[in-house]
Amino acid sequence: MFKPFTGLLAEFKSPASVLAAAKALTKAGYTTVDAHSPFPIHGMDKALKLKDSPLGWVVVIVGTLAFFGAFAFQYWANGVAYPVNVSGKPLLSYPSYICITYGFMTIVASITAATTMFALNGLPQLYYSLFKVGRFAKFSTDGFFISVSETDSKFDKEKTAQLLTELQGEHVVYVED
Amino acid sequence: MTENQPFIFPKWANLIPLLIPPILLGGIATAVFVMWYWASPKHIEVGYQPTQPIAYSHALHAGELGIDCRYCHTNVERGAKATLPSTDTCMNCHKVIKTESPEIKKLQKSWKNNQPIQWVRVNAVPDYVYFDHSRHVNSGIGCATCHGRVDKMKTVHQKEPLSMAWCVDCHKTPEKHLRPVDKVTDMAWVAPDQKKLGATLKKDHYIDPGLDCSVCHR
Amino acid sequence: MTQVVQDIDDTINRPALVTGDATFQAVTDAVVAPLEAPTPRWWMIALTGTTSLLLLLLSLITYLLWAGTGVWGVNSPVGWGFDIINFVYWVGIAHAGTLISAILFTTRQKWRTSISRFAEAMTIFAVLCALIYPGIHVGRMWLAYYMFPVPNQMALWPNFKSPLLWDLFAVSSYFTLSLVFWYIGMMPDLATLRDRALTKTRKIVFGILAMGWRGSARHWLHYEKAYLILAAMGTPLVVSVSSVVSMDFAASQIPGWHATIFPPYFVAGAVFSGFAMVVVMMAGARKVFKLENLVTMHHLETMNKIVLGMGMVMTYIYSMEFFMAWYSADPYEMFAFINRAAGPYAAFYWVMLFGNAVLPQLFWMKRFRRSIVWMVIIGIMANVGMWCERFVIVTTIHRDFLPSSWGLFIPTWVDIGTFLGTWGLFLTLFLLFLRFLPMINITEVKSIMPQASPHEGDKHV
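Chains as they are written, first to last, in the numbering used here: chain S, 1 to 177; chain X, 1 to 218; chain C, 1 to 461.
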């Protein structure tokens, strides 16, 4: 679930240069390149050839289940388990179930969206080797970083470091988990 | 930047979030358990067995001696309350039987002083429930169905939860418990085929207990 | 798509959303500065006041629990009083946050970025205040679990056909979504606070709250998707919540309540009061925390336009209500409305009309839209007016069908104290928010700055 990280970290000056470096590294065949930025950089997912997030499908499926589950439960509770006769209307008077069906779906779907996001990202992960690099704290303000993991098949401590420097990367460091 | 290092959490801190799902699920399960069982009459009321002012034994009177329930609980067929017998009822026999027993002495005292015995109520439903004994007994619900085998109890205790869920259960499917009206006070009676008999009785006697709020709450 | 928006922006020359010294570092500094400064004196004084009110709320709830709902002014025929008035009022205040976050996000209104966090926080705190009332108004608070579908000894389930239960689900779904949305949106900013923190306590607390966020591109991918989905789900919620709240009234058969116009009526009113509230609070906060470069006059003016728009909707509905009463030819319906304007509670009606329909018209003029003093006055009056509106609607039942059962609702000191107490809760939470959390979404503000675009320099690729 939690991926430890050992590899190289390089700092870049601007969103444009970090995007260019990410494109170049991916073109060179690296697959574990990751960028760290204070805000999402437009086009970074394409540059790193990341697959589209499956999060939407998870929310759709769970939300649909919650929708029909809430509807079925209301009918079961007020129509089967303890039939409640409200002014002679049919037990399956679905218009009166709409509000709660929708509300429950929203509760479940919003919690699902959040928890799925955390699960897919492997968060919360309080310890991460990059945090040990003092300069890395800049990522949340105005720093743009690229990390390459040593699990990458193309990874070579010296060659990769040199490539990062060529791509205008600064303060290239090797970080161990 | 270098002078202000961030706090580095220990590696084991990454494992703490794994505790969240079990704690969450456990919390929900506990809440349901508390509501459904632990704080319900099933748990807090069944088995209630107070000490009575006189160590009267139903096992002896109703069981061994075979006195009919209605000999003492006279109003059970006619009114909402089954009624407790007055001291006079006891004295019908105890004027002459076991007059020297210390327990019977208490009875005599009550009789002489014209003071009723303060029996402690065992089976009770809340005041907002309008329970009527006659309605049930005359429809063919046996005493033992709700009160258990009182003829085997030395000291009476509560057998059933008497919760709303328990009442509603029978109101939904009375055929599970119906018996011929003349067998109502027969504590040991068991139907040969309850399913068939119940269905017949329900049909023949037009038993339709109803589930509306106003059936019990008025 | 984004490019198209960018082009339009360039063509029509929209005013810059971030003015002054606009580097990434400067934005972070501007937002975080108040959190890192020593505790200001005014803040301590204000907090003392608000916590006293909060204490009043807690003691009055205890008193209510102890003595029963008889301590409130509610009685036949007005069985609903301050509890539902204030519930609807707080739900209304809560409406700006999600509207700004969700609807303006999905319609790509960039100006929302610097006010969204602030408005979302208001939403959450206001919903909390609102949620107190359904819990305490039941009288026997220990039976409040009846509202939830928990298996119980009665074999009973909540009556899902009751508008009051719809209400519970509507408001709690709104609360859940707002809270999740707020927190997810804040996570990158919490990481900023963590990375800047100077004391060990802050480092650890923000470290835990930021959950180890490291701005990874792979994380942003899922993050943006989740944020978009939450915004999309929040969009219909903005209209659904107040609609459902209005059904508490509309689903009954009381003259003055039983009207199909109620759902849009309540939604418009909620957005109106919510925005007015955001304007008032924001006008103060930007001044105190020197955030004029991030929350510009352009932002405030845009919000004032929305206030005006909603005020116009309210004006339309007020007149339409009278028209419908006349057109229905129903004597009870007609009487209910004449009684609102000329009955014992007429003063509330006219304050409502003045605050909601008359005063906002000043916003037609740019001079008033851009004047801090006027927007605060109009904002406060809009909220007073909206509170009066709820009072007028709820107390409509004081003239029952039979004159023999007429009666008035007069709030007791407990009613009023509880309402003041909810203000204490709201303001206490708000002061804590201003002091300990970033009140502007740093991440989003940065992402709309021109230099955030990777195509900077090579314009219009």
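If you are wondering where the hints come from, they were derived from the structure by calculation, not from laboratory data. You may find that some hints are simply not true.
Subject to a maximum C-alpha distance of 20 Å in a straight line, what follows is the list of computed SDA-like cross-link-like pairs (lysine to any residue) [to be verified]: (1) S/K13 with C/K200; (2) C/K200 with X/N4; (3) S/K13 with C/A26; (4) X/K183 with X/V168; (5) S/K138 with C/M154; (6) S/K138 with C/K225; (7) X/K202 with X/H217; (8) X/K159 with X/N4; (9) S/K132 with X/C146; (10) S/K132 with C/D29; (11) X/K42 with C/V205; (12) S/K3 with X/L15; (13) C/K110 with S/I61; (14) C/K225 with S/K13.
Each hint tested on the structure:
Distance check on the hinted pair: S/K13 and C/K200 sit about 29 Å apart at the alpha-carbon level, beyond 20 Å; violated. Restraint check for C/K200 and X/N4: the C-alpha separation of about 10 Å stays at or below 20 Å, so the hint holds. Simply put, S/K13 and C/A26 have alpha-carbon atoms about 16 Å apart, close enough for the 20 Å limit, and the pair holds. Taking the CA atoms of X/K183 and X/V168, the gap is near 23 Å; set against the 20 Å cutoff, the hint is violated.
The straight-line distance between the Cα atoms of S/K138 and C/M154 is roughly 59 Å, outside the 20 Å bound, and the hint therefore fails. Using a Cα cut-off of 20 Å, the hinted pair S/K138 and C/K225 is violated, with the two alpha carbons roughly 25 Å apart. Simply put, X/K202 and X/H217 have alpha-carbon atoms about 24 Å apart, too far for the 20 Å limit, and the pair is violated. Among the hinted pairs, X/K159 with X/N4 is inconsistent with the structure: their alpha-carbon atoms are about 70 Å apart, more than 20 Å.
Simply put, S/K132 and X/C146 have alpha-carbon atoms about 71 Å apart, too far for the 20 Å limit, and the pair is violated. The straight-line distance between the Cα atoms of S/K132 and C/D29 is roughly 23 Å, outside the 20 Å bound, and the hint therefore fails. A C-alpha spacing of about 45 Å is found between X/K42 and C/V205, which places the hinted pair above 20 Å, so the restraint is violated. Among the hinted pairs, S/K3 with X/L15 is consistent with the structure: their alpha-carbon atoms are about 12 Å apart, no more than 20 Å.
A threshold of 20 Å between alpha carbons decides the hint, and for C/K110 with S/I61 the separation of about 31 Å lies outside it, so the pair is violated. Using a Cα cut-off of 20 Å, the hinted pair C/K225 and S/K13 is violated, with the two alpha carbons roughly 27 Å apart.
Hints 1, 4, 5, 6, 7, 8, 9, 10, 11, 13, 14, counting from the list given before, are not met by this structure.
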